[in-house]
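A.B. asks: Residues per chain are reported as follows:
Protein chains: 2
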Amino acid sequence: MTLRPLFPTVDTLGINTDLYELTMAAAYFEGGFSESRATFELFTRRLPRRRTFLLAAGLEQALHYITHVEFGPETIAYLRQLAPFKNVSDDFFDYLSNFRFTGDVYAMPEGTPFFENEPVLQVTAPVIEAQILETYLINTINVQTMVASKAARLCLAARGKSIVDFGSRRAHGPQTGVLAARAAYIGGAAGTSNVLAGFETGIPVYGTMAHSFVQFFDSEKEAFELFRRTFPNHSTILVDTYDTIEGVRKAISLEGPINAVRLDSGDLAALAVEVRKLLDSEGHKDVAIIASGSLDEEKILAFSLKDAPIDSYGVGTELVTSGDAPGCDLVYKLVETFKDGEAQPRFKASKDKATLPYRKQVFRRCRCGEFWEDVIGRCDEELDADEEVRPLLKQYIKDGQLITELPHITEIREYAKSQLDRLRPEYKNLHTAEVYPVSFSRLLLEALEALQSHYLPG
Amino acid sequence: MTLRPLFPTVDTLGINTDLYELTMAAAYFEGGFSESRATFELFTRRLPRRRTFLLAAGLEQALHYITHVEFGPETIAYLRQLAPFKNVSDDFFDYLSNFRFTGDVYAMPEGTPFFENEPVLQVTAPVIEAQILETYLINTINVQTMVASKAARLCLAARGKSIVDFGSRRAHGPQTGVLAARAAYIGGAAGTSNVLAGFETGIPVYGTMAHSFVQFFDSEKEAFELFRRTFPNHSTILVDTYDTIEGVRKAISLEGPINAVRLDSGDLAALAVEVRKLLDSEGHKDVAIIASGSLDEEKILAFSLKDAPIDSYGVGTELVTSGDAPGCDLVYKLVETFKDGEAQPRFKASKDKATLPYRKQVFRRCRCGEFWEDVIGRCDEELDADEEVRPLLKQYIKDGQLITELPHITEIREYAKSQLDRLRPEYKNLHTAEVYPVSFSRLLLEALEALQSHYLPG
Numbered sequence: 001m002t003l004r005p006l007f008p009t010v011d012t013l014g015i016n017t018d019l020y021e022l023t024m025a026a027a028y029f030e031g032g033f034s035e036s037r038a039t040f041e042l043f044t045r046r047l048p049r050r051r052t053f054l055l056a057a058g059l060e061q062a063l064h065y066i067t068h069v070e071f072g073p074e075t076i077a078y079l080r081q082l083a084p085f086k087n088v089s090d091d092f093f094d095y096l097s098n099f100r101f102t103g104d105v106y107a108m109p110e111g112t113p114f115f116e117n118e119p120v121l122q123v124t125a126p127v128i129e130a131q132i133l134e135t136y137l138i139n140t141i142n143v144q145t146m147v148a149s150k151a152a153r154l155c156l157a158a159r160g161k162s163i164v165d166f167g168s169r170r171a172h173g174p175q176t177g178v179l180a181a182r183a184a185y186i187g188g189a190a191g192t193s194n195v196l197a198g199f200e201t202g203i204p205v206y207g208t209m210a211h212s213f214v215q216f217f218d219s220e221k222e223a224f225e226l227f228r229r230t231f232p233n234h235s236t237i238l239v240d241t242y243d244t245i246e247g248v249r250k251a252i253s254l255e256g257p258i259n260a261v262r263l264d265s266g267d268l269a270a271l272a273v274e275v276r277k278l279l280d281s282e283g284h285k286d287v288a289i290i291a292s293g294s295l296d297e298e299k300i301l302a303f304s305l306k307d308a309p310i311d312s313y314g315v316g317t318e319l320v321t322s323g324d325a326p327g328c329d330l331v332y333k334l335v336e337t338f339k340d341g342e343a344q345p346r347f348k349a350s351k352d353k354a355t356l357p358y359r360k361q362v363f364r365r366c367r368c369g370e371f372w373e374d375v376i377g378r379c380d381e382e383l384d385a386d387e388e389v390r391p392l393l394k395q396y397i398k399d400g401q402l403i404t405e406l407p408h409i410t411e412i413r414e415y416a417k418s419q420l421d422r423l424r425p426e427y428k429n430l431h432t433a434e435v436y437p438v439s440f441s442r443l444l445l446e447a448l449e450a451l452q453s454h455y456l457p458g
Numbered sequence: 001m002t003l004r005p006l007f008p009t010v011d012t013l014g015i016n017t018d019l020y021e022l023t024m025a026a027a028y029f030e031g032g033f034s035e036s037r038a039t040f041e042l043f044t045r046r047l048p049r050r051r052t053f054l055l056a057a058g059l060e061q062a063l064h065y066i067t068h069v070e071f072g073p074e075t076i077a078y079l080r081q082l083a084p085f086k087n088v089s090d091d092f093f094d095y096l097s098n099f100r101f102t103g104d105v106y107a108m109p110e111g112t113p114f115f116e117n118e119p120v121l122q123v124t125a126p127v128i129e130a131q132i133l134e135t136y137l138i139n140t141i142n143v144q145t146m147v148a149s150k151a152a153r154l155c156l157a158a159r160g161k162s163i164v165d166f167g168s169r170r171a172h173g174p175q176t177g178v179l180a181a182r183a184a185y186i187g188g189a190a191g192t193s194n195v196l197a198g199f200e201t202g203i204p205v206y207g208t209m210a211h212s213f214v215q216f217f218d219s220e221k222e223a224f225e226l227f228r229r230t231f232p233n234h235s236t237i238l239v240d241t242y243d244t245i246e247g248v249r250k251a252i253s254l255e256g257p258i259n260a261v262r263l264d265s266g267d268l269a270a271l272a273v274e275v276r277k278l279l280d281s282e283g284h285k286d287v288a289i290i291a292s293g294s295l296d297e298e299k300i301l302a303f304s305l306k307d308a309p310i311d312s313y314g315v316g317t318e319l320v321t322s323g324d325a326p327g328c329d330l331v332y333k334l335v336e337t338f339k340d341g342e343a344q345p346r347f348k349a350s351k352d353k354a355t356l357p358y359r360k361q362v363f364r365r366c367r368c369g370e371f372w373e374d375v376i377g378r379c380d381e382e383l384d385a386d387e388e389v390r391p392l393l394k395q396y397i398k399d400g401q402l403i404t405e406l407p408h409i410t411e412i413r414e415y416a417k418s419q420l421d422r423l424r425p426e427y428k429n430l431h432t433a434e435v436y437p438v439s440f441s442r443l444l445l446e447a448l449e450a451l452q453s454h455y456l457p458g
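The listed protein sequences correspond, in order, to chains C and E. Quick note: the first sequence uses our numbering, first residue 1, plus one each step. Quick note: the second sequence uses our numbering, first residue 1, plus one each step.
Please keep in mind that the hints were generated in silico from the structure rather than gathered at the bench. Among the hints, a few may not be true.
The list cannot tell twin chains apart, which means a pair is met if one copy fits it or any two copies do.
Said to hold, decoys possible - The calculated lysine-lysine pairs, modelled on DSS-like cross-linking and capped at a C-alpha distance of 27 Å, are:
no., residue 1, residue 2
1, K339, K86
2, K221, K339
3, K417, K161
4, K348, K299
5, K285, K86
6, K86, K221
7, K339, K394
8, K394, K277
9, K221, K348
10, K394, K299
11, K161, K306
12, K285, K161
13, K428, K394
14, K398, K161
15, K339, K285
16, K428, K306
For reference, chain C alone in the conformation it holds in the complex (with noise of 0.2 Å):
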């Protein structure tokens, strides 16, 4: 029999999406609407639980589908048998085997903090192909942001004491275990355990042992001498398996020299206080402390508030999968229609699910090297500017091609980094923090009460 590994694959790409998709493009092209542009924004109405900010993530992954997606021919012989499209002309089928992403593409930089009903990307094509897209696109940055927005969240808490993500056995499926290292990694991680996101993207990546290591052996001694000897300048020592503090003792009689210890149960804080002073005593400053086991942004900044002497934390659960806000609520809406090359603004004015119309820009205001507020206003708009204002998303795709390079995976790392180091204290605690200062430009609020007085579509 076969069995069926479920990988994504290039061929697969255009199907990788919820069908009403697929049946609304097939409607639009039976309709003749198959040149009619149109612009979609993805942005989220409200921050997850708990969070103050977002950081942008999942871009190249993004980008890669828009520039990729396709139909294949047994993923069009599948459509046609469906129920639904029965009846659908053979003409939408050779469209679709002919689907290629043919318009443009603006987003905020990876690594860009953002909040509240700003676009953190925005699509402008025929709208059969802005459509098809919004699923695996929703998708995509979902969950790198959602990972890459909790690891700054834990770097926040650790004070300048690294984070590792340890989470791949944890993640919500065999690829996302890749996409998370990659997000922790921008949101501010030291690296990974998933040697396949090293080999994919070139980030670190870090181990250390299991207690399955410890117990194959009849001594603990045994299993840390083969790993050291294995090991010689790279040896983590999981020291808890039976007797944390005997287990240091072991790990520090060994001939040679050990790297690092892991603690991975007890009381982290007391053991670690403990095991520092032990190492020191013995001459091993240079021996450092991971933690790990359960950990999330509250312990961690216990830790950091009472100056835990560890060095690393090894965090998995609570990262990849963001656990206590497992998802951003990320939303593509539909903006902006054009009729004969004019743009009709598309927006809904219900209380809880309104949209603003129109192509928007979102324009960073900063005073004295920090973030001030941000404007978020019309495309075309310029604002007046007696200090420094930034406009966010960039053009990356233009006519269906990539125009814009991405940098490199540690220079968007940084670039997350210094955009956090401008985002005032007070906008980054972790539990009582101030709303960032979000507002809409004069001309967009303008724009939406004309549109409000007079247009009531029915």
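Use these hints to put chain E onto chain C, whose structure you have.
C.D. replies: Coordinates of chain E only, in the frame set by chain C:
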């Protein structure tokens, strides 16, 4: 520039793991333990928050991995240049380049409900092989088990009304949309919106329309009419873009029949009553009502208790992220090694993180067709049976070869349903369920006591 999609592939399966699996492998190899066999078991020590059972899922992808895992030449070249591996012998990398899994695997069939401490998968193999599998196996079983279990809860809440997976956009990664769709179907969902999941696994795909489709047109009626005409027998009309009741009126005034209306905002229960009345009074008793919008089992149960006339629920984020419990805390622990052909118990006596030694079997006692209790015993044990006793772990892989065919996914779904039907109602209550009884066999406990009294490793 090259944009990287970060897709998993067979060539990179070997390194889609934590670095420490590979450093431990190198240490075992260098220590001369490459022939030593060991048994690892995958289980959870505690059920996740609000869960009273878990539904096993993900075995097909786990078995694909086990029978295909290898180290492609590029991945070996990558490993060789990593700092920790600089002193590791060429023989180890030769070993990796010929790596194939040669051991045995037992597992619970997909769709089996399981509980705390019960091994859901068991690997016996040369220790290096068994160790390397850890990360990917936990990952693969974790994500699908989590979603299947959540789907089962949603179906219990829906009391016979159908649940459809609408979550692809919020699943944690593009592959995970497909994995979650598969798992949701095993857990009882009627189908998914994810087209690729339908293509890959044959599960039913469903779709409606998005607000953007309605907003694209100058009038709601124009949108509805085009959609209905394109899909004459398969139109679900989204009616809440402007005014839900007006939307329904427009939908049923179209020139041909529609199949269903979808409500996506407002007081869904009250709206469903009003919409049902309107549909019935206008002679559209056959038009179904589909509800969606941030649903979870609490909200759905409330609708069920009110007898809201909703025929089908579309559930997104909460289903595919298992939002209230985004993981199953599965672990993979060493329980047995072999010395001179004889099994050596491996266990951990610590209070919080105890593991029980020896290869195990899970016996499910049934009475009058209902599950009565589970007993975790030794693998070769036979329980006294004056009633039906079923061993839950079956062998799937022998000497690296798949020996047991997997059922079709529809059969897996039916099996899951039949098993959940046999779990008594008091163990399935969504809020205040009793704990299903799981005990350890006398033989296992005696073995453990004997070990604790004289076996303290050090």
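A.B. asks: Give me the numbers of the hints this structure contradicts, sorted from smallest to largest.
C.D. replies: Going through the list in order, the structure violates hints 1, 8, 10, 14 and 15 and respects the others.
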